[in-house]
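Just so we're aligned: the sequence shown equals residues 8 to 408 in our numbering.
It should be emphasised that the hints constitute simulated quantities derived from the structure, not laboratory data. Model, not experiment: these values are computed from the prediction. Glycine residues also receive a C-beta, built at the ideal position from the N, C-alpha and C atoms.
The list that follows gives simulated cross-link-like pairs (lysine to aspartate or glutamate, EDC-like), each with its CA atoms no further than 20 Å apart: (1) LYS302 with ASP277; (2) LYS43 with GLU381; (3) LYS60 with GLU101; (4) LYS53 with GLU116; (5) LYS87 with GLU256; (6) LYS60 with GLU108.
Beta-carbon label-pair distances, calculated as ranges: (7) GLU155 with ASP390: 42 to 52 Å; (8) ALA315 with ILE259: 17 to 27 Å; (9) ASP390 with GLY201: 47 to 57 Å; (10) HIS336 with ASN166: 19 to 29 Å.
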Amino acid sequence: MNPIIDSLLETDLYKFSMGQAIYHQFPDYTTTWSFKCRNKDVHFTKEMVDEIKRQIYLYCDLNFTEDELNYLAGIKWIKKSYVDFLRLWHPRYEDFTITDEAECGLSIETNGTWLNTSMYEIPTLAIVNEVYFRMAYDYEELMESFEERLDAKIALLTNETYNLGAFSEFGLRRRLSAEAQELAVMKLRDSKLGKSIFVGTSNVLLAKKLGVNPVGTMAHEWIMCVGQGNHKHNPAYSNWYALDAWVKEYGILNGTALTDAITTDCFLRDFQLTYSTLFSGVRHDSGDPIEWGEKMIEHYKSLGIDPATKTLLFSDSLDFERANNIHAHFDGRAKVAFGIGTYIANDTKVPALNIVMKTTACNGQDVAKVSDVEGKGMCKNPDYVDYLQRCINWRMEHEEA
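Whole structure, please, built from the sequences with the hints as guidance.
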């Protein structure tokens, strides 16, 4: 199989957003990341595991080219000091432990500096996906069904059956293949989409190659590691520490805050006037999107901020119908945008993989996410999750809102 990842730019934009802030503020933090396949009926064969190892080894042999670095330097919030660091950086295969010792037949764990291990998540998941679908199925048949479905869903935008407003493609980590994702982004870029506006892709390499905008926000790892990696911090204040460090790095630039790392209700305790003003918007990634959007609009109003000046970005398991309904509900009341992943990048006649790679430890201690719905966390230590939940509960029950 040819190399699946052949450029270090082939990752989601937010890895560079977080990477720069990690480099400047948390360069000595260490993290552990763990892979999980949530599909109960999926098994990775020994041949697949061997190919995944080979692909990751090839990925770890890459370096940034000057052309790629010049592209990154052209993004207005990326600083020269970080670009210069990337000039020297490359992945370390020694940070990976890959075995077949898991129920699904594939175990992947990475250990090392947060600067390194954060960068491994997206390419690793893209490699696992493509190896699996090329080896488990007739890949050409999958591509044929992928293109048919892609054309059909684009037609629903063109004839204005659906109106999404602004939306981006977020599918790199769970794409069918590099070929499929590039085809999707090209067709969305080149099609007339009625009232819908294709804004860009999270895949930085594709954005560069196809001349579209690279888009992205912060991820849960930022809030988990900044808020829980310093063991002197009360983890119920994770959002405050994370927002404060982000503003220190970016000021008013690059500002879309993720709300559900330790529940949105707890997030709102820290997302008061200063941060609500500085950040251009917020991102939804779990729980009922309508309830969440209404809650955010009311929060902005309570602070005297016009919600119509702020962006509500939705990114949780979206398809065009769901996005259309959300857009119709909030249109005119706030700026509405969508990040749509698997539905665009891996919609075929067979089910997509539901695979993740999550931060499970920072600086030698467990970290966890407590989102707005159960089942999205991935902590190895239930006692720590219980501790974190008790910290959140105490704050919510005893601190004045």
